[in-house]
Each structure stands twice: as C-alpha cells, then as structure tokens.
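J.: Residues per chain are reported as follows:
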Amino acid sequence: METVKLTIDNKHVEVPKGTTILQAAKQAGINIPSLCYMNLPHLAQEHKPGSCRVCVVEIPGKKTLVPACVTKCTDGMEVLSHSLRAINARRTVVELLLSDHPKDCLICPSSGNCELQKLSINMGIREINSVENAAISTYRKDSSPSLLRNMDKCVMCRSCETICNEIQTVGALSAVNRGFMSVVAPAFEQDLTDSPCTFCGQCVAVCPTGALTAVDNTFHVIRALADPTKTVLIQTAPAVRAALGEEFGYTPGTLVTGKMVAALRALGFDKVFDTDFAADLTIMEEGTELLNRISRHLSGDKSVRLPILTSCCPAWVNFFETNYSDMLDVPSTARSPQQMFGSIAKTYLAEKMGIKRENMVVVSVMPCLAKKYECQREEFKVDGNPDVDYSITTRELAHLIRMGNVDFKSLKDEDFDRPMGESTGAGVIFGATGGVIEAATRTAYELFTGKKLEKVDFYELRGMDGIRTATIDFDGTDIHIGIAHTLGNARKLLDGIRKGMYNFHAIEIMACPGGCIGGGGQPLHRGDSIVLKARMQAIYKEDLNKVIRKSHENPEIARLYEEFLGKPLSEMSHKLLHTHYFSHPKK
Amino acid sequence: MMKFEINDCHKKTIKEICDSYGNKRSELINILHDTQEHFGYLPEPVQLEIALNLNMPLAKVYGVVSFYSFFTMTPKGKYPISVCLGTACYVRGAEGIVEAIEKELKIKVGQVTEDGKFSLDCLRCIGACGLAPVMMIGDKVHGRLEPEMIKNILSQYE
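Respectively, the protein sequence lines represent chains A and B. Per our numbering, residue -9 is the first one in the first sequence, and the count goes up by one each step. Per our numbering, residue 6 is the first one in the second sequence, and the count goes up by one each step.
Check before you lean on any hint, since a few could be wrong.
[Claimed, not checked] Simulated crosslink set (DSS-like; lysine-lysine; CA at most 30 Å straight-line):
#	chain 1	residue 1	chain 2	residue 2
1	B	Lys29	A	Lys38
2	A	Lys482	B	Lys29
3	A	Lys131	B	Lys8
4	B	Lys83	B	Lys122
5	A	Lys489	B	Lys20
6	B	Lys16	A	Lys482
[Stated by the list, open to error] Beyond 12 Å from chain A on every Cβ pair, some chain B residues (computed):
#	residue
7	Lys65
8	Ser71
9	Ser74
10	Pro80
11	Arg97
Because the hints were derived from the structure by calculation, they are not lab data. Using N, Cα and C, we set each Cβ at its ideal position, and we do this for glycine too.
The shape of chain A in the complex, shown without the other chains (with noise of 0.2 Å):
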C-alpha cells in the first residue's frame, strides 16, 4: 500500500495514501474537535460535508487554513492542529456558531449530550463578540409521538439527513430553503407525521445539538407511580440491559441485568417484568407461522406467501407500510414483543391478580423511539386504553433512576418477578441483529423436526454485516433464512423479494444498526461501532448465562398456554397477540 509521512503537531505520522488530516491525527493521538463530521464505519459511511470549519488547522506556508476532515495528507505535510492562527480561528467559527444558537443549554433536553455545548466548554468560550445581536430564529416546533424537532437549535451538519437518507433510505428529511431560512425539514416543511419518518429515531441519535429528540414520557411514569390506585407494571426490553450501564460509567458491554431490576423496584414499581417473556411468547406464535407457511409450501399450496417477515420492529412496520403496501400480506401477524406484554399484562396478568384493566399501567423500557408511537396505535387499544401505556427509552429510565435518588453502582442484583419476568436465551437475543431468527430457529427446528436441537448456537446467524444470509439443515430439508438491519438494507432484500429474485423461507429485519443494541433510544454512541460490537457481545453472554436456551421450553409460557392461551394461533392468539398492517402511502 503506497503511503504518506507527514508531521502532526511534530508527530512523524505514516499513513495510506488518501488518508485525511482529521484521520491522521486520531492515529497519532491528537483529537481535532470536529461538529459536522460523522463517520459509522460499520455501515461503511463517512459523512464529510466540510462545512461547520470547525476542524480547521494550520499547514505553514499556506495561505488560509485548511479543515482537516476533508483535506488528504500528502507527503512532507506539516501540520499544525493547535497554532495559534488555527485555534483563533477555531474559536470565531465556535463563538459564530454560538452567535444565532439558543442560549438555553441548562433546560436543553440535549445539555450534557451537545456536541457544540462540548466544543463551547472545551474552547473557554466567555463570551460572544463575533456578531451582536444575531437573529435566532423561531422556526415552528414539530412533535410526533416519538420525536421532537426544534430547528433553532440545528447547525445544518445535516448527519441526520444522510442516516434518513443514505442508510435508512426513509427520505424523511432534506435540507431545504436557502441562506439564514435553510433547515433540514420534510417536503413542504410538513410535520414528520406527515412525512415518510418511520420514527427509527436514528437521526436522534446522530444530531450533535438538541436539534431533533425524543418525547420525554418520565413524568408520565412518576405521576403513576404516585397514584395510589395503579398498580404499575414495567417491563425491560432485552437491549437495554446491556447499555444502561454506559450512563452510569460502565464500560459499553457491561450487563447490568440485576441492577437494573433492583433499581426499578427501588423506584417502586410494583412488578418488575421482562420483555424477553414477550419475546418466548412471540416465538411460540411467530415460530409457529412460520412453520405453518412453510409445511403448506412443501406440500405444494401456491397460495402461501414466503419468505415470511419479523414484525417485531415497529419502525420496519411504519416502513413497509409505506413503501410495500402491495405486501402487507407478507410480514408475520405477530405482534411485537412490547405489545404482546402488554396485551397479556391487562387480560391474563389482571385477572391473576385481580385488578381492573383501567387500574393497570403497563410501562416498558425500549432502546427505540418508534416504541413509544407503536404503543399508541389504535389496533393495541381496548375501549381507548392502551395495552402499553407509556414507552420510554434507556436514557430516560437512566434519568428516572437519578431522579429517584437511587445509587445505581451500589444496588444489589436481584431477579424479575413471575410469571412474566421468566424467559429464556432466546428472548434475549432479540437485542441483537439475527437474534430473533436464531430464537425463531431454535423453535422452529424442535417442532418440525420432532428431535432435540442439541447445538443451539446458530453462529452463521449472527454479526454486523447489513445483509447476511445462511441455510439451515432442518433434518434433511433446508431451511434459507435472510437477516438485514437497517431499513436500507431492508429495502435491498425487499426489492429482491418483489421481482422474486430470493428463495428464502424467512427474514428478519430490524430498523437500526445493529439491532435494538443500536436503537435511536439507546445511550448515545455517536456512531461507535466498538461499543455497538460490546454491547451485542453482552447479549450473547447473557443468553449463554441463561438456563433455558429455547422459547418454547420457557415454563412460564407453558403455563400461559394451559391456563389462558389455548395453543399458538389460537382463537385466543389470534385476537391478543397478532395484528393486521395499514396501508399508508407516503412521500
């Protein structure tokens, strides 16, 4: 490989040819602060618009300054990242970006995640001189049921526009208008409900400002804590026990299953559940479609629609809903787990313990914005109440936790309640691209096959590549099976699959990369594909820490199915825990 040598700051750095300033210097241990600039090598995409100037840096002898995200090195290049030209310069383009910012960083649902609030602090920015009395503006505030828009707060480095646009192909956003009137807004500057968004939340999760954020339902959940006539169930889903502890200072990776537990109870919840249950019970039904599909197809019914789809990613759903309304048949009915839970919490649960649906509230805990619009669905609402009454993500049950005093390092572990606090290895994979068709294969193998699945680990299911593909050996009959994560990857097999270019017999699809791990809900990582990786390393070990390694092997679920259920697709099934799609074409 031809490479360059150059000096960094006095740094004798040697790298590839084509290498840019900003990528140098991270090598050599010198962070050129940066705003614009994203770069999410696991999905093989460098966002580099060049245009905040926030990376500039000196080269001697040349006439202006040069940013070092797009400048390449060449050979016998010096540098100078911290002159004193380049950070007077630094400083102006921070204090110009400040000039037209609100100045509300103490109440900014962003404060302590802003990347300019970072850059402000880091660059002792005092005061503001550049321009006085620079007009803010007052842009209209636009909110959904999972995200929030506040365009005075944008600083056009439009990383949201390429996440909606390049990797998930959603086409929600675009920078529009021109000059000071420019703003990254849907076509027409329409609300997002009205626009394609499938509510991912990735761009949440790339924003450096408190530009775009998420609905903040806390105090929902603190109000029905304090009203002693709920009963108030919560429920986890498997993805964020293995980030929560990132906003308390473990290192990314860390399973933080019993502290978790511990501290919602200590916050006075009164069952503390799992979503993973949903996550068996979803096998059993979603398992079992699949292999009725598949045993009608092999006994030669043309009129079965494969491959069969996972449902249980609701910004998938909003996606299919609007791009593939022609194959609203495909998917599976089964609801999502989040749903599922709630759907069993206020029928088979209340009855249980004997309280009235309108006196249980059912909260979960998602990694994911589109959870909190998918629980407000009118399909998962009886007589107007809702099976899930409020969805809210890791970093608001982190905020919930510090809100109620609790210390969270030093809890104790303690378990879920029962019974809908069991579950097994394979709800908790779920958490990770490729889990929900490993439980799925787990299942499925037993039941068709009739014999034991002894090797349950399906390692060819499992890893970061946006599309993958394996074929299963169900005892002499192959079983194809597609995985993609992210919606552009989504696309790609859905394309195939409408002009039949694919034989698979199912595939699962999750909206964010990396799975839930990767969720717009999640405790930011800014791209970091090394914490996504740790974190769905903590998934797997924690489904090999659990005994039960196979949905329908989960007791609780047994026993949900002799006392309530009946068997899978029952009547009873059919009316609790699946679904039907809508068509909503939109641009």
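Following the hints, complete the assembly by docking chain B onto the known chain A.
T.: Chain B only, in chain A's frame:
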C-alpha cells in the same frame, strides 16, 4: 388559490420530461426547469410525481425547489408582471413602481391575484436601461414608468 389536481395527462407529461433525461437524479434541475416551463410553476403533486419517476425522496426534490429562487410553487397569473430592480431602474424609482402595483392589485411580490389574472415578480435588468424604470407584462415592455401610470396600464389587460 385553486389546489392543483394532478391528472393522468399531467402525469404523462412529467413522465415524458423525466424520460427525456433518462430518469437520472443528477438531471433533477433540468427536469424541474422543463416541468416549470410546462406548468408555469411546481405545485406539490407535480414534485411528488417527479420524485416517483426519479425514485428519489420527495424531500430532496423539495430541497432543490426551495433552494433556487427561479423555481416557484406559486402559479403565475395570466399576465405575469416583472418589475426590473436593476441599478438603473432602481435609482429611477422602481421601488415606487412595485409599491404602486402592490397597492393596485392588493398582492405582494411573489404572489398572484385571487382571480389569477396578474402575478408580480421582480427581476434584475432586462437590458432596457434607457427606458428605466421598466417592467414587463407577459412579453410586452413598459418603460419610463411613473407610479400614477400603473392603474391605467393594468386596465388595458382583460
């Protein structure tokens, strides 16, 4: 203002324009030019149709339409008025001409009258500086204007 209803004939025209540029996203600006020339403006359903033909997000199409001042989402009147605000016209009182028209037609620059008869825009120099201040109504140039003349000139258009 009437809402633009797109019909199959409109869709065919848009498809032909997009086809003529090989349905390339990189030709979006040219496609928008031709489409605006045909329809007079770029209403929402027309932009959506272009997005569908080019298989690109509508937000991106709108992003381009809203960026370039040449593109408009407001229909032009039967008689589009363009007042020159070039240097020569400006120093000879073009601003007063704009004000007079705005007052007479009860519209602002960039708008169209309720009956769809006149629309008002400004432009920079039409090369008739000797007649400053000038305006164009359709293809006809009116020069050496004074605010008092506006009412009379506009009344000539039926």
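J.: Compare the structure with each hint and give your call.
T.: Status of each hint after checking the structure:
At roughly 24 Å between alpha-carbon atoms, Lys29(B) and Lys38(A) fall within 30 Å of each other, so this suggested pair holds. Pair hint Lys482(A) plus Lys29(B) holds up; C-alpha atoms about 19 Å apart against a cutoff of 30 Å. For the suggested pair Lys131(A) and Lys8(B), the alpha carbons sit about 26 Å apart, so the restraint of at most 30 Å is met. Taking the CA atoms of Lys83(B) and Lys122(B), the gap is about 5 Å. The hint holds against a cut of 30 Å.
Restraint check: the Cα-Cα separation between Lys489(A) and Lys20(B) comes to about 23 Å, which is no more than 30 Å; the hinted pair holds. Annotation: proposed proximity of Lys16(B) to Lys482(A) holds, straight-line Cα distance about 27 Å (limit 30 Å). A beta-carbon of chain A is positioned within 12 Å of the beta-carbon of Lys65(B); the least distance is around 5 Å. For Ser71(B), the condition that its CB be more than 12 Å from all CB atoms of chain A is violated, with the nearest at approximately 4 Å.
Taking the minimum C-beta to C-beta distance to chain A, about 8 Å, the non-interface status of Ser74(B) is violated against the 12 Å cut. At the 12 Å boundary, the C-beta of Pro80(B) stays outside the reach of chain A, the nearest C-beta of that chain being 16 Å off. Distance to chain A confirms Arg97(B) as a non-interface residue, since its nearest Cβ pair spans about 29 Å, more than 12 Å.
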